[in-house]
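In order, the protein sequence lines correspond to chains G and V. So for the first sequence, my numbering puts the first residue at 1; every next one is plus one. So for the second sequence, my numbering puts the first residue at 101; every next one is plus one.
A few of these clues could be false.
The calculated SDA-like cross-link candidates involving lysine to any residue, where the alpha carbons are at most 20 Å apart (straight line), are [stated by the list, open to error]:
1. V:K141 / G:G30
2. V:K141 / G:D52
3. G:K41 / G:A21
4. V:K141 / G:A53
5. G:K11 / V:D163
6. G:K41 / V:V154
7. V:K141 / V:D163
8. V:K141 / G:D63
9. G:K41 / V:D163
10. G:K11 / G:V60
Not the full set, but computed from the structure, chain V residues with beta-carbon under 10 Å of chain G [what the hints assert, rightly or not]:
11. F134
12. I177
13. V179
These aren't lab readings, by the way, just hints derived from the structure by calculation. Computed from a predicted structure; not experimentally measured. Positions of the beta carbon are idealized from the N, C-alpha and C atoms, including for glycine.
Protein chains: 2
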Amino acid sequence: MPTIVVEVMPKAVLLDPQGKAVAGALQRLGNDRFSSVRVGKRFELTVDAVDDAVLAEVQVLADEMLSNSVIEDVVSITVLENAAN
Amino acid sequence: MPTIVVEVMPKAVLLDPQGKAVAGALQRLGNDRFSSVRVGKRFELTVDAVDDAVLAEVQVLADEMLSNSVIEDVVSITVLENAAN
Numbered sequence: 001m002p003t004i005v006v007e008v009m010p011k012a013v014l015l016d017p018q019g020k021a022v023a024g025a026l027q028r029l030g031n032d033r034f035s036s037v038r039v040g041k042r043f044e045l046t047v048d049a050v051d052d053a054v055l056a057e058v059q060v061l062a063d064e065m066l067s068n069s070v071i072e073d074v075v076s077i078t079v080l081e082n083a084a085n
Numbered sequence: 101m102p103t104i105v106v107e108v109m110p111k112a113v114l115l116d117p118q119g120k121a122v123a124g125a126l127q128r129l130g131n132d133r134f135s136s137v138r139v140g141k142r143f144e145l146t147v148d149a150v151d152d153a154v155l156a157e158v159q160v161l162a163d164e165m166l167s168n169s170v171i172e173d174v175v176s177i178t179v180l181e182n183a184a185n
């Protein structure tokens with residue numbers, strides 16, 4: 001069944017404590033290549049079929065329910081057509 | 101600077117309580133289109149330049165540090181070339 005992937009990241013202007021923690025851990029472990037790390041969320045919504053109505057609904061859900069628009073941005077909504085499952 | 105995106109999802113065979121909670125909330129709100137919801141993580145690692153060594157290092161980090169291989173799978177590692185920031 002098709003899966004709609006919604007990706008949410010903390011806004012670029014805000015501090016991301018979780019990302020800072022990962023960046024600090026990388027530094028302590030000797031990986032100094034990474035100048036910044038940010039951690040966001042990836043939602044996979046499985047639907048029976050994808051049409052414009054479903055995509056419009058997912059857009060609304062992504063903005064209103066899956067993300068907190070005060071601190072987060074919805075960075076992408078993509079459809080994965082995997083016939084496998 | 102280029103950003104390497106690492107995406108981690110809970111393994112398909114395992115229960116995902118966070119996803120179940122979102123699916124339950126959707127149902128209660130009257131959205132019955134979504135048969136399943138899973139919630140994973142999206143890491144953005146900013147690097148100065150991308151080469152094979154960096155990608156190999158990110159692969160190792162993704163497997164060993166950014167994901168818990170007992171319960172999670174690394175579903176994708178992609179490079180975003182955004183010259184903007």
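Status of each hint after checking the structure:
| no. | hint | verdict |
| --- | --- | --- |
| 1 | V:K141 / G:G30 | violated, 23 Å |
| 2 | V:K141 / G:D52 | violated, 27 Å |
| 3 | G:K41 / G:A21 | holds, 16 Å |
| 4 | V:K141 / G:A53 | violated, 27 Å |
| 5 | G:K11 / V:D163 | violated, 26 Å |
| 6 | G:K41 / V:V154 | violated, 23 Å |
| 7 | V:K141 / V:D163 | holds, 13 Å |
| 8 | V:K141 / G:D63 | holds, 18 Å |
| 9 | G:K41 / V:D163 | holds, 18 Å |
| 10 | G:K11 / G:V60 | holds, 18 Å |
| 11 | F134 | holds, 5 Å |
| 12 | I177 | violated, 13 Å |
| 13 | V179 | violated, 13 Å |
Violated hints, listed in ascending order, are 1, 2, 4, 5, 6, 12, 13; each of the other numbered hints is respected by the structure.
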